[in-house]
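There are 2 protein chains.
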Amino acid sequence: MNDMLTQKPLILITNDDGDFAKGIAVLTRLMTQLGEVVVVAPDGPRSAQSNALTVTHPIRFRLQEQREGLTRYACSGTPTDCVKLALHEIVDRRPDMLVSGVNHGSNAAINVIYSGTMGAVLEGCENGIPSVGFSICNYSPDADFSQFEPYMLHIARRVLENGLDHGVCLNVNAPAGAIQGLKVARQCDGKWVKEFVKKTDPHGRAYYWLTGEFENHEPEATDTDEWALANGFVSVVPTKIDLTAHETLAKVAGLMR
Amino acid sequence: MNDMLTQKPLILITNDDGDFAKGIAVLTRLMTQLGEVVVVAPDGPRSAQSNALTVTHPIRFRLQEQREGLTRYACSGTPTDCVKLALHEIVDRRPDMLVSGVNHGSNAAINVIYSGTMGAVLEGCENGIPSVGFSICNYSPDADFSQFEPYMLHIARRVLENGLDHGVCLNVNAPAGAIQGLKVARQCDGKWVKEFVKKTDPHGRAYYWLTGEFENHEPEATDTDEWALANGFVSVVPTKIDLTAHETLAKVAGLMR
Chain A
44 MNDMLTQKPL ILITNDDGDF AKGIAVLTRL MTQLGEVVVV APDGPRSAQS NALTVTHPIR
104 FRLQEQREGL TRYACSGTPT DCVKLALHEI VDRRPDMLVS GVNHGSNAAI NVIYSGTMGA
164 VLEGCENGIP SVGFSICNYS PDADFSQFEP YMLHIARRVL ENGLDHGVCL NVNAPAGAIQ
224 GLKVARQCDG KWVKEFVKKT DPHGRAYYWL TGEFENHEPE ATDTDEWALA NGFVSVVPTK
284 IDLTAHETLA KVAGLMR
Chain B
44 MNDMLTQKPL ILITNDDGDF AKGIAVLTRL MTQLGEVVVV APDGPRSAQS NALTVTHPIR
104 FRLQEQREGL TRYACSGTPT DCVKLALHEI VDRRPDMLVS GVNHGSNAAI NVIYSGTMGA
164 VLEGCENGIP SVGFSICNYS PDADFSQFEP YMLHIARRVL ENGLDHGVCL NVNAPAGAIQ
224 GLKVARQCDG KWVKEFVKKT DPHGRAYYWL TGEFENHEPE ATDTDEWALA NGFVSVVPTK
284 IDLTAHETLA KVAGLMR
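Heads up: the protein sequence lines correspond to chains A and B, in order.
Position one of the first sequence corresponds to residue 44 (the working numbering), numbered consecutively onward.
Position one of the second sequence corresponds to residue 44 (the working numbering), numbered consecutively onward.
For the record, the hints were derived by calculation from the structure and aren't laboratory data.
Some hints here could point you the wrong way.
If several chains are the same, the list does not tell them apart, and a pair holds so long as it fits within one copy or across any two.
Restricting the straight-line Cα-Cα distance to at most 30 Å, the calculated cross-link-like pairs of lysine-lysine (DSSO-like) are [claimed, not checked]:
#: 1; residue 1: K65; residue 2: K51
#: 2; residue 1: K51; residue 2: K237
#: 3; residue 1: K242; residue 2: K294
#: 4; residue 1: K294; residue 2: K234
#: 5; residue 1: K294; residue 2: K237
#: 6; residue 1: K294; residue 2: K241
#: 7; residue 1: K294; residue 2: K65
#: 8; residue 1: K234; residue 2: K51
#: 9; residue 1: K51; residue 2: K242
#: 10; residue 1: K51; residue 2: K294
With the sequences and hints as input, model every part of the structure.
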């Protein structure tokens, strides 16, 4: 019998909350139902690391666990570093899918550009691997993922079976509460506001904590990820690594004359 | 006479090479020809920081220089932190334009997703400010920007006069050598390869330096930023903060059934 025919799909997992987060444990348990799993996750929290790379110092990784169908490594780098290191130095065949998360907190709307979870997904996509980021709109370390689980399995199965278009990955978010279905949606327009809390240290000098809240610029639109989440749906946004505003190329060419 | 009519445009400047880089000094000198300039730049190198945010510790800023038409601050955060802090805590009116750079090194093609320079530009764009990133394909700290200067002035003037479409910013790159013109282009498809150099520390443990080279997946295409740069043109890519792959929404909806 040909080994290639019996080989299970290889699934690469990472996240940005670190290798001890509940979200990645849930995702790892689910993915071992679908294939051979390799986890290469940051060795601590790397939230809001976007596609940051570690360039001023070297990175390392170490084996954490190896058992039938599952190998786990912890890495000193960012989520994007984890994916690069996994692909170049760790896995011995091309992963059939990359999944990242489950993130404790929303990566919907503009959060996609800050998210370390989605940074890893964009990196997988750049490398031609069908890649999906999973997040839940609940920042609690003990968030309840049980209602989200069948949706994650469904989405992962569909992506494993069918792949995704070149340059396209998925940004999947779940509401914190009851889930009533799944909506494919577009990234909602909006921005973060009220972003800093100012404090004063014992030496009288100011320092600033980043915080804030999301301001939805199109609360009436019903085709956005924010609408889906606010109405109890899992949102699935097909997401591109080509950031070109193709529709404005001619206009910008006119402007540059 | 009405003060509003005589008020010069306010230009916010940042970068990712840090406030002592030659690139930001050049950009600052150029922009003081066009308006009132406020610089809020990282207090050291923050290359490849993408849209990373500082969330695990607070950030600070301090005044570096204040003279007619120019105020400079150094900030302990990432380029994106610098923009957020500038808009929320430093400037007393809305900037008319944000410019970032001049980066020492290319931010063309897929580099846009890793770049701290462009992270700051996406952040300005999210906040509704016409925003432009300038980079040169030369990593030398002493890079020669003289041929690029008139192009930067031209682009900045056009953007100040005309603005940019909602959600669209510009990723401008210059070749290292002679410049023969400007091309509006799309982001070239490609990826990074040969990304790690493995070393062994005195204790026998492996560590990895991120490095690599860009592999162009469409070397024949003549409408990409990589083609423009390879042929001596300044490339201008209109760049979006909406990452939705709108053209695949229906297909992905079918896949999810």
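Comparing the hints with the structure gives:
In this assembly of identical chains, the alpha carbons of K65 and K51 lie at most 30 Å apart only when taken from the same copy (25 Å versus 53 Å across copies). Proximity of K51 to K237 under the C-alpha cut-off of 30 Å is restricted to the inter-copy arrangement: shortest distance 27 Å between copies versus 48 Å within a copy. For a Cα distance limit of 30 Å, the shortest separation of K242 from K294 qualifies neither inside one copy, at 45 Å, nor across copies, at 49 Å. For the identical chains of this complex, K294 and K234 are neighbours both inside a copy (25 Å) and across copies (28 Å), given an alpha-carbon limit of 30 Å.
In this assembly of identical chains, the alpha carbons of K294 and K237 never lie at most 30 Å apart, being 34 Å within a copy and 38 Å across copies at closest. With identical chains, the CA atoms of K294 and K241 are never at most 30 Å apart, being 42 Å at best within one copy and 46 Å at best between copies. For a Cα distance limit of 30 Å, the shortest separation of K294 from K65 qualifies neither inside one copy, at 48 Å, nor across copies, at 32 Å. Taking identical chains as interchangeable, the C-alpha atoms of K234 and K51 lie at most 30 Å apart only when they sit on different chains, with a minimum of 27 Å there against 42 Å within one chain.
Taking the shortest alpha-carbon separations for K51 and K242, neither the intra-copy value of 53 Å nor the inter-copy value of 33 Å comes in at or below 30 Å. For the identical chains of this complex, K51 and K294 are inter-copy neighbours only, at 26 Å across copies versus 49 Å inside a copy, given an alpha-carbon limit of 30 Å.
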